[in-house]
Amino acid sequence: MYCCEEKSNICYLTISISLIVILLIWNVTFTIIVSNNNPAHINSFNYTPENLQDGGYITFDTNRVVEKNDITHQEKSSDFIINKEGNYYIQFNTTIYEPPSTGKEATLSIYLEHNNATVYGTTVGETVTNAYQTVNLSFGVIVKANTGDVLKIKNNSGTVVELLQPNIDIIRIK
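Using numbering that gives the first Met the number 0, count along the sequence shown one by one with no gaps and you end on 173.
The set of hints was computed from the structure by calculation and includes no laboratory data.
Treat the hints with care, since some could be wrong.
[Said to hold, decoys possible] With a cut-off of at most 30 Å between alpha-carbon atoms, the simulated BS3-like pairs for lysine-lysine come out as follows:
| id | residue 1 | residue 2 |
| --- | --- | --- |
| 1 | Lys67 | Lys151 |
| 2 | Lys173 | Lys67 |
| 3 | Lys151 | Lys83 |
| 4 | Lys75 | Lys151 |
| 5 | Lys67 | Lys143 |
| 6 | Lys173 | Lys143 |
| 7 | Lys143 | Lys75 |
These numbers were taken from a predicted model, which means no experiment stands behind them.
Please put together the full structure from these sequences, using the hints given.
Here you go:
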């Protein structure tokens with residue numbers, strides 16, 4: 000630090016400004032990294048079983064986690080509203096069965112709708128042959144969505160079904 004001995008005020012000012020610039024650059028870089036590692040997401044589920052008519056939409060009574068406002072959902076509704084255009088990963092799972100009142104063989108099936116259109120690759124189902132036979136249904140898919148788009152899950156079983164703790168995660172990935 001030979002220069003600091005001769006011109007101490009200018010040298011210390013230069014070093015101080017350099018440190019401030021370095022800290023600002025580090026802070027901006029760190030903020031970008033942290034914000035990119037914390038994507039917008041929502042996790043919703045039901046505490047109680049839900050009887051669902053054929054053609055009905057699953058309602059989710061609890062929002063367990065809501066991070067940012069890119070996706071909104073009003074508890075006890077079926078609609079997930081996209082508030083920011085982007086690519087979204089949607090993962091869904093539930094245990095489902097046909098209530099004993101019908102007592103017939105049936106294929107229990109659900110699928111994701113995006114603006115009232117079926118999202119291909121999300122139709123999942125299994126055949127049950129007697130009452131109280133449960134099956135697990137799940138899917139995962141990436142969709143490109145625009146602001147104002149609506150996502151919801153529909154019963155496509157041809158019969159009333161009972162859902163046990165349906166669970167959905169929607170994560171904005173880009």
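Results of checking the hints against the structure:
{"no.": "1", "hint": "Lys67 <-> Lys151", "in the structure": "holds (20 Å)"}
{"no.": "2", "hint": "Lys173 <-> Lys67", "in the structure": "holds (14 Å)"}
{"no.": "3", "hint": "Lys151 <-> Lys83", "in the structure": "holds (17 Å)"}
{"no.": "4", "hint": "Lys75 <-> Lys151", "in the structure": "holds (12 Å)"}
{"no.": "5", "hint": "Lys67 <-> Lys143", "in the structure": "holds (18 Å)"}
{"no.": "6", "hint": "Lys173 <-> Lys143", "in the structure": "holds (9 Å)"}
{"no.": "7", "hint": "Lys143 <-> Lys75", "in the structure": "holds (25 Å)"}
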